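Residue numbers (this note's numbering): 13 to 145.
Hints in this document: simulated from the structure, not taken from any laboratory.
Note that the structure is predicted; figures quoted are calculated from it, not measured.
Even for Gly, the Cβ is constructed at its ideal location relative to N, Cα and C.
It is possible that part of the hints are untrue.
Listed next, the in silico DMTMM-like pairs over lysine to aspartate or glutamate satisfying Cα-Cα at most 20 Å (straight line) [said to hold, decoys possible]:
{"hint": "1", "residue 1": "K53", "residue 2": "E85"}
{"hint": "2", "residue 1": "K135", "residue 2": "E121"}
{"hint": "3", "residue 1": "K45", "residue 2": "E102"}
{"hint": "4", "residue 1": "K45", "residue 2": "E107"}
{"hint": "5", "residue 1": "K53", "residue 2": "D26"}
{"hint": "6", "residue 1": "K132", "residue 2": "E114"}
{"hint": "7", "residue 1": "K119", "residue 2": "E107"}
{"hint": "8", "residue 1": "K135", "residue 2": "E115"}
{"hint": "9", "residue 1": "K65", "residue 2": "E33"}
{"hint": "10", "residue 1": "K45", "residue 2": "E33"}
{"hint": "11", "residue 1": "K132", "residue 2": "E121"}
Simulated restraints, written as ranges between beta carbons of each label pair [unchecked claim]:
{"hint": "12", "residue 1": "R80", "residue 2": "T109", "range": "35 to 41 Å"}
{"hint": "13", "residue 1": "R80", "residue 2": "I25", "range": "34 to 40 Å"}
{"hint": "14", "residue 1": "G144", "residue 2": "S99", "range": "44 to 50 Å"}
{"hint": "15", "residue 1": "R58", "residue 2": "Q38", "range": "30 to 36 Å"}
{"hint": "16", "residue 1": "T63", "residue 2": "H127", "range": "56 to 62 Å"}
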Amino acid sequence: METYRVGTLQFHIDLSQPLYEQILDQIRSLVAKREISLGEKIPSVRELAQTLKINPNTVMRAYQELERDGLTEKRRGQGTFITTSPSHVEGFRLELTQRTIEEFLIKMENLGYSHDDIIKNIKTSYSSRKRGQ
Numbered sequence: 013m014e015t016y017r018v019g020t021l022q023f024h025i026d027l028s029q030p031l032y033e034q035i036l037d038q039i040r041s042l043v044a045k046r047e048i049s050l051g052e053k054i055p056s057v058r059e060l061a062q063t064l065k066i067n068p069n070t071v072m073r074a075y076q077e078l079e080r081d082g083l084t085e086k087r088r089g090q091g092t093f094i095t096t097s098p099s100h101v102e103g104f105r106l107e108l109t110q111r112t113i114e115e116f117l118i119k120m121e122n123l124g125y126s127h128d129d130i131i132k133n134i135k136t137s138y139s140s141r142k143r144g145q
C-alpha cells in the first residue's frame with residue numbers, strides 16, 4: 013500500500029483494489045469523521061490523478077459519485093468543494109452508520125448469534141477496548 017499526500021489530504025492506495033472505490037471511500041470517511049471541513053476545497057481531478065499516477069477518468073468517476081451523495085459541490089471556475097451543508101453530512105453519517113450496523117447484524121445472525129448474544133458481545137468488546145486504552 014502506498015501513501016500519497018495531495019494538499020492537506022492523505023490517500024492510501026492499494027493497487028490490488030479498485031482505485032475509484034478507494035478514492036471514494038477515503039474521501040467519504042474523511043467527511044464522516046469530520047477530518048475535512050465543510051466548504052473545504054479538494055484537489056482538482058487533474059492534480060489528484062497526477063499525484064496518484066492514475067487515469068483522470070477514475071478520479072472524475074469518484075468525484076461524480078461524491079456529488080451525487082451530496083457531499084461535494086462544484087463551483088464553476090473554482091473547483092470542487094466539500095458541501096457547506098451540515099445536514100447533508102449528518103444525513104450521510106446516519107446512513108453510513110445504519111448501513112454498517114445492518115451489515116454487522118446480518119453477519120452476526122448468520123453466525124447463529126441471538127439478539128441478546130450480540131448485545132452481550134458488544135458490551136464485552138467495548139469494555140475490553142476501554143480497558144486497553
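Hints and how they fare:
no.: 1; hint: K53 to E85; in the structure: holds, 10 Å
no.: 2; hint: K135 to E121; in the structure: holds, 17 Å
no.: 3; hint: K45 to E102; in the structure: holds, 11 Å
no.: 4; hint: K45 to E107; in the structure: holds, 14 Å
no.: 5; hint: K53 to D26; in the structure: violated, 24 Å
no.: 6; hint: K132 to E114; in the structure: holds, 17 Å
no.: 7; hint: K119 to E107; in the structure: holds, 18 Å
no.: 8; hint: K135 to E115; in the structure: holds, 18 Å
no.: 9; hint: K65 to E33; in the structure: holds, 16 Å
no.: 10; hint: K45 to E33; in the structure: holds, 18 Å
no.: 11; hint: K132 to E121; in the structure: holds, 14 Å
no.: 12; hint: R80 to T109: 35 to 41 Å; in the structure: violated, 19 Å
no.: 13; hint: R80 to I25: 34 to 40 Å; in the structure: violated, 23 Å
no.: 14; hint: G144 to S99: 44 to 50 Å; in the structure: violated, 36 Å
no.: 15; hint: R58 to Q38: 30 to 36 Å; in the structure: violated, 18 Å
no.: 16; hint: T63 to H127: 56 to 62 Å; in the structure: violated, 47 Å
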